[in-house]
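A.B. asks: Residue numbers (this note's numbering), protein chains in the order written: chain H, 710 to 1570; chain P, 8 to 319; chain S, 27 to 319.
Bear in mind the hints are in silico, worked out from the structure with no lab data behind them.
Do not take every clue at face value.
If you want the footprint, here are the derived chain S segments under chain H, 3+ residues with CB under 8 Å [as the list claims (entries may be wrong)]:
#	stretch
1	65 to 73
2	84 to 94
3	220 to 231
Here are some chain H residues pointing at chain S (derived, C-beta under 7 Å) [claimed, not checked]:
#	residue
4	Ala711
5	Met722
6	Ala743
7	Lys1234
8	Gly1237
9	Tyr1434
10	His1458
11	Gly1459
12	Arg1480
Cβ coordinates follow ideal geometry from the N, Cα and C atoms, glycine included.
Listed below, chain by chain, are the residues.
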Amino acid sequence: MAEAHPVGFQWVMEAKRRGATIIHVDPRFTRTSAVADVHVPIRAGSDIAFLGGLVNHVLTTESYFRDYVVAYTNAANIVDEGFEDTEDLDGLFSGFDAEQAHYDPVSWRYQAPDDRSPDEEKRLQQIREDESGGGGQKESHVAAQSESHGSGGAAVPWKGKRDETLQDPRCVFQILKRHFARYTPEMVQEVCGIAPADFAEVADALVRNSGRERTSALAYAVGWTHHSTGAQTIRTGSILQLLLGNIGRPGGGIIALRGHASIQGSTDIPTLFNILPGYLPMPHANQHQSLDEWVRDDEGKAGFWGNIRSYAVSLLKSYWGDAATADNDFCFDYLPRLTGDHSTYNTVKSQIEGGCKGYFLVGENPAVGSANGKMQRLGMANLDWLVVRDLQMIESATFWKDGPEIETGELVTEDIGTEIFFLPAASHVEKAGSFTQTQRMLQWRDKAVEPPGDARSELDFYFDLGVRIRERLAGSTDEMDRPLLDLAWDYPTDEKGEVDGQAVLREINGTGPDGAALSAYTELKPDGSTACGCWIYCGVYADEVNQARRRKPAWEQDEVAAEWGWAWPANRRILYNRASAAPDGSPWSERKKYVWWDAEKGRWVGRDVPDFVPDRAPDHVPEEGATGPDAIGGQDPFVMQTDGKGWLFAPVGLADGPMPSHYEPPESPVRNPLYGQQNNPTRRKYAHPANPINPSWSEVFPYVFTSYRLTEHHTAGGMSRTLPYLTELQPEPFCEISPRLAAERGLEHGGWATIVTARTAIEARVLVTDRVRSLRLGDTFVEQIGLPYHWGRNGISQGDSANDLVNITMDPNVYIQDKVGTCDIRPGRRPRGPALLAFVDGYRRRAGVDPDDPTDGGADR
Amino acid sequence: MARGERPMVPDVEFESYYGRPILKEPTWKTPDVPLYLFLGGMAGCSAVLAEGAALTGRPELERVARMAAAGGAAAGTVALVHDLGRPERFLNMLRVIKPTSPLSVGSYILAPFSALSGAAAASNVTGLLPRLGRLAGLGAAAFGPPLATYTAALFANTAVPAWHEAHRELPFVFGGSGAQAAGGLAMLLVPLDQAGPARRMALAGAVVEIVAAESIVLRRGLVAEPYRKGLPGRLMRIARAATAVASAATVVGGRRSRIVAAAAGATYVAASVVTRFGVFEAGMDSARDPKYTVVPQRERLAARSESSTPQR
Amino acid sequence: MTNSLWGRLDDPAGNAGHTDHPPRMGFFTDTSVCIGCKACEVACKEWNEVPEDGYLLTGMSYDNTQQLGASTWRHVAFVEKPAETVETVDLGMPEVGLPGASGDAGVKWLMSSDVCKHCTHAACLDVCPTGALFRTEFGTVVVQPDVCNGCGYCVPACPYGVIDIRPEDGRAFKCTLCYDRLKEGQKPACAQACPTESIQFGEVDELRERAAARVEELHARGVDVARLYGADPEDGVGGDGAFFLLLDEPEVYGLPPDPVVTTRDLGSIWKHVGGAAAAIVGLGVASFMGRRR
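Start from the sequences and build out the full structure, keeping to the hints where you can.
C.D. replies: If you want it as structure tokens, here you go:
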């Protein structure tokens, strides 16, 4: 965190100054480790085993926060009899379809209640029909997977039967206990290379610091997510925090450290293919023929997500304004549709195969920043046109003349037909706008200086693009052009013709029938009388004031600092904060008092905006058949879940199992000690000759590499390698290795090394350092090679890109690649030109990479 | 440091930051600065010699010494100005007078000395204004000894261990070396019958220089090591040997043989030049190696904590 | 002029002739919370328009800046050491060099942002023959680039090796403690940029109290290695205007363990120069005594 988020890390240092214990678990010893109380080196890609070990520790030592767990999680829920665990199936859950490599999650469901309501009976019949139809998982779920569930999460058909003694062998708690029983400290050592004493130190500290009086927080970044099991790693963290009672309470939580400014914002107002603003699912071409069909799955379910129709209609109104009416389904048919997986790596494959012809790159440098850079460049070389908007002339705009494939002869400049438009962009200080950070907080920044030359802001660019396209289409009678011509595209501009960003923020906030800014998403209506660009952002422009621009200093308000910026939803700083009070509504402890029930006022009160129905009494039991927020019980703090509980066990929603299991990365020198199943069985393979996978346990590729960032550089380097003041601080690509590996391979500190995978080989300077530890796994050592990935062939400081080594094998939930791989390392620089291809080919042959099935390391049973 | 090198400091046990120097190596250039030291010393002592010659009626000696004083001052000034990062701003030296800055003080010695010795030499050569010339010569003789020795303060008033710690001896090394150079130059250029004082000045200067230099090594411990080791060590040994040879030759044949006297004189001059380079390089070496900064300071701290309660 | 060359001096600005001046301002750099982000280095260069200082991968951990100099006014040191060697380091402790094969021992990684110390008795200022270096009303030491003639005397005078000549320019440069910002009532750029308050800017008297309290706090938590460096007004430079809390011996960070301003010995130096000059006079007179030959 200190390494990649030094500014945010100031709060960690502040906490440390006040006595907090900082534990850092990371393959490398970073700037964070340097100031942490404890650093625990871990084998890259083994996080689920480590966290699973902690879960097991908490369960076996009975250190969980029992009152919290019983009341607020689904620990007591009884799971259907059809469910079988990895314990029963050696690493697989029930419902696995080996041919399709995916799960039908129907057997993971809560057991149906005995006294079913008519509605529940209908749902059960539906499930039984689906079952007899042969694991009929809907295509949309294959295409859009977890994120298609939107911000509400997957819906369960019923709240289900509960055993609050947690004794029923089929209750979630007992299943969880059995599932994690094999994640012992010894197993953690075997998988992660963490000594039992170090493990015990972490476990004790965490348990000691959780409960009524104390809370602990987990902070993670892409070390957890960039894996073929990434989503499940976060799930393991969630299970641990739920068991310890660390969710919805001050000082607790799971904090996602984003890749750079406003990554949170770019999922809220998304740049992803499968969601719309506010996590509304992108409609599917076949299943969602109408507005009704689109919202049907979620409408009326318990919780605020049940009001999805209001959010969806308001979004359509903000897009198409007066043209959107009840008669035309509010222009629902104007929305683009999903026809399959349109994620970034599939798009690249489509480019290579000739299906995708145009590409916008906006502040992104995939030639350096994305996994398997060669595939990125091959894709871009096969386009009709490519628009690159960036601050600097990045590699993704120049690969056609000086990319690595030009050097090797795989691409020839004269043969590349892509027409590239490079458009200079304004930087963040050259334009006004908001960033949304990991706490979901929007912070507005004003323009400090004018952009140089022709550089323009994104807002300005896209507005102008829209204006020009609409001018071209003006008068068209083609139905295809209606969505563009009917767009509400009328933003106020200043004397320079630039759009006022605050007008856009106001549109996102939403307006009511009188045209005035709305104050809360609870005001949104399904009848078209309100418009809102992103329902969760509703309130950011309340009272016609840019609430994101508030900058009241810390010393003028309490520690919640509600008047600094604005956090969605409803300026709430901690989500699910109903959980900060006991089931009866009183604070868990005076020390951790945050939001509580004021019986006199009949309202929830406290330091933050309560994340609950304001007047819902703790003892409230919803009426039979209640829907939406009305269905939330007084002790159901997880108001976006259809059952109101935190999920220790996910009965639906995840592609790779209801509970996390450790699987080895697609490339690993280690046999999975936990199960016969080596890899995530549902991982998404990416079959392409340019993406061969190193076989597991290959002696040709005996070492693990993991890529990472340095404080001194920014992601793919376009914003840092081009600046003298940053480049001089880290002027060359390097790899970090342990003294033991240096001795084993004859690598010299300061010398050159070549790092080889089945994809390609790169060279880097060598730093031999005790900060990289040789990890002992049982009888063997695992050596890890650290690779900062910031370099490419442009800029002041140049070098090979570490991401060229990374294979594309994806998590089945969110399509993120696995950043860990295996490799060989040898002293000296890499071969140049075509010799590089022959060099790598030699490795491929020696390792037995199967040319007919380049994606499979042969580790699947 | 060359890239990739693993810097190590062998032998002495002490900690440092990757073996890097703590002090900045002086940016003074060579040969500018060592030459300036030599020229200033030679010129300053020559002015004394010239005045003595004038008083005792040795016109040949006087002429040579006056020329040496004026020429040395002029050449020294050129060397000094050339060493500046911004030579065009040489006159900024005369903006202020600072007794804490030997370079400032030196400017106020060098400037009048150059003017006076130049005037004296001009008068001597042209025969014009003989009285004013003599007066100027007397003035130059007054500024001469400080000119010859203030450069020791210039070096000593730094953090450079080999210079600073030798601040009691360096003025005598430089003074002696200057006398030796002035005497030597006169021995080279002045007939035997007028060169007696020059021989005696050179000889005496040599003795002073050797004794002072030797006592640095004897008295200053570790920081005197650079005077014995490496390039400066070699230079100092060469200079020492040359001085000894010249002195022996002077004693044995300096009075009788013009050739021996000239050779001895030239050797004295050369030895003086080499001594300045030696002292200069010794300072550079001591700044370059953190050992000479850390170890003596550690010893000082240890001695202090022995005499009082240790403080963290 | 009491103690203007050496020893305790409570009012350096007043001593330099400033009347009615603001309190002495300085830095307290608490290295125990430094995360080595180098924001100070970059902010300093941005504000002061200091040129880049070379692109060299040094192999000295993450330190590619190497040292303070004419074009580096803040320098973050990175020290990698085996975790065991924390306590009392003396001369018997071998030099760390670079990380070697230390088996299973843990590692510690110390970071420290170094800067000009703005000494109470500043040798650079005292030896400057042009007056380019001067003591500001804030008690800080600043070079005036329009006066400096590049004589280079300040360079070897500094006991910390801070100031240097920029070769392509010829003049001497160093930290100004953002004199221009101070005059506008602003913090220096480095302190403004520091995310963890490792670099604290303020009145030196107040900072000294804060530093002492911080050391006590760390000692109470068992961090026995914490010690102040440059905070003592009785030390060899009369105390630094920019001082530090260190977690190891100063020399480990590239700092001199017991710096002394060279002017402490100025009297002795001039005395010996005078003695030597007198000796030349004596020697000259003696040379003309005796037989005329």
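A.B. asks: Please go over all the hints and tell whether each is borne out by the structure.
C.D. replies: To see whether the hints hold, each was checked on the structure:
no. : hint       : verdict
1   : 65 to 73   : holds (count 5)
2   : 84 to 94   : holds (count 5)
3   : 220 to 231 : holds (count 3)
4   : Ala711     : holds (4 Å)
5   : Met722     : holds (4 Å)
6   : Ala743     : holds (4 Å)
7   : Lys1234    : violated (44 Å)
8   : Gly1237    : violated (47 Å)
9   : Tyr1434    : holds (5 Å)
10  : His1458    : holds (6 Å)
11  : Gly1459    : holds (4 Å)
12  : Arg1480    : holds (6 Å)
In terms of the numbered hints stated before, the structure departs from hints 7 and 8, listed from lowest to highest.
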